[in-house]
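Undergrad: Residues per chain are reported as follows:
Protein chains: 2
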Amino acid sequence: MNKIITISREFGSGGREIGKRLADELDFSYYDAEIITSIAKETGMSEEYIKNISEKGMYPYAFHFAKSFAIYPVYQSNQTEVLVAEAKVLKQIAEKGDCIIVGRGADITLKEYGPMNLFVYANMQSKIERCRQKRQDEKDMTDKELQNKIKQIDKNRRNYHRIISNLEWGDKENYHLCINTSGVEIKEMISPLADYIEEWFRRK
Amino acid sequence: MNKIITISREFGSGGREIGKRLADELDFSYYDAEIITSIAKETGMSEEYIKNISEKGMYPYAFHFAKSFAIYPVYQSNQTEVLVAEAKVLKQIAEKGDCIIVGRGADITLKEYGPMNLFVYANMQSKIERCRQKRQDEKDMTDKELQNKIKQIDKNRRNYHRIISNLEWGDKENYHLCINTSGVEIKEMISPLADYIEEWFRRK
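Which chain is which? The protein sequence lines are A and B, in order. Be aware that the first sequence starts at 1, since it is given in this note's numbering, and climbs by one per residue. Be aware that the second sequence starts at 1, since it is given in this note's numbering, and climbs by one per residue.
A few of these clues could be false.
List of simulated lysine to aspartate or glutamate pairs, EDC-like, C-alpha gap at most 20 Å [to be verified]:
no.: 1; chain 1: A; residue 1: K187; chain 2: B; residue 2: D195
no.: 2; chain 1: B; residue 1: K187; chain 2: A; residue 2: D195
no.: 3; chain 1: B; residue 1: K134; chain 2: B; residue 2: E145
no.: 4; chain 1: A; residue 1: K151; chain 2: B; residue 2: D171
Facing chain A, a subset of chain B residues (Cβ under 7 Å, in silico) [as the list claims (entries may be wrong)]:
no.: 5; residue: K149
no.: 6; residue: H176
no.: 7; residue: C178
no.: 8; residue: N180
no.: 9; residue: Y196
no.: 10; residue: E199
With the C-beta cut set under 10 Å, the calculated list includes, among others, these residues of chain B facing chain A [as the list claims (entries may be wrong)]:
no.: 11; residue: D27
no.: 12; residue: N117
no.: 13; residue: D154
no.: 14; residue: R157
no.: 15; residue: L167
no.: 16; residue: G170
no.: 17; residue: E173
no.: 18; residue: S191
no.: 19; residue: I197
no.: 20; residue: W200
Since the hints were derived computationally from the structure, they do not count as laboratory data. Think of the CB as a built atom: it goes at the ideal place given N, C-alpha and C, for glycine as much as any other residue.
If we strip away everything but chain A, and leave its shape as in the complex, we get (with noise of 0.2 Å):
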């Protein structure tokens, strides 16, 4: 059976640099926004589109969303497409190869295929310096705005776990390793993880 390794991340964490450089690392294939453009080959939906279905709240926590759009039965329909793409569009690359999947509920979905979990956090002054860093559109945000949207998105990623699952995100029970990045500088961690990731698949 192939490799999957699955990183789930609080916004600002550096978990998607985790992943990609993993997948140097151990030679994986990464995977990240590129699902989201399959899904929407798979649905004929915009990119666009998915990504706020997906992302930006969903049934029922994006009820009061919906509604103020006044298209809750379309939305709703939509979503339940989307997830079914998704699943679909996950289960093709867990197919594939060795792979590193970041985000879209990939722990729950291909939990079938006995995927090594991680998840990635860091304290709040952590996150709010590395998005500045990496983001130029969080550059001139106030820490406060910063904060908000860190919040908010994180949020969003929860409530989206709780529509394909009754685990919770974030709860370290439901990950096989827990990465701290506060402080920390990712690029030097990544060689002992590959070894610690090649150790753990290797007792199986």
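Position chain B relative to chain A; hints supplied.
TA: Relative to chain A, chain B alone:
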């Protein structure tokens, strides 16, 4: 400043084994039961009594336990003495050299030393199996009995942590790395873990 690693752990998750093996690998001193001995020397109380006070339930959570022996005021004052002695002993240890300390709330008490705090956990089935393998007196206990024992000990650890800190025992935010040992061969994971830890200390 000396390098301090603290290990908090769920009962039966292999935290002590990780601690001992890491200490060998990193050439750090290892402290566990020795701390009780030192507190006993410090306070003049017996080791058994200190273990009872500090592990089997503490004020205010041990109120019921204490009351039932009708020694509540004595118990409470001894408990404070133990906490004070424990903090003193932990700081002496931290001053001596690089070390790994299992339990005793060292993550909290030694905060000023900038320790790397690990949390070791596992799923219930894995903890039950590990207990049966490691401890003679637990070989003949039923799953249910072992589960109750594990839950009770972890509850005491959580309560103990609440007395010395407002941070919650086991919340991943309070640790730098959380390691799930379910189905893992601990000795195989030590080398990459030690490398990760060495990188972590190098970053500062």
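Undergrad: To test your reading of the hints: which numbers does this structure violate?
TA: 5, 11, 13, 14, 15
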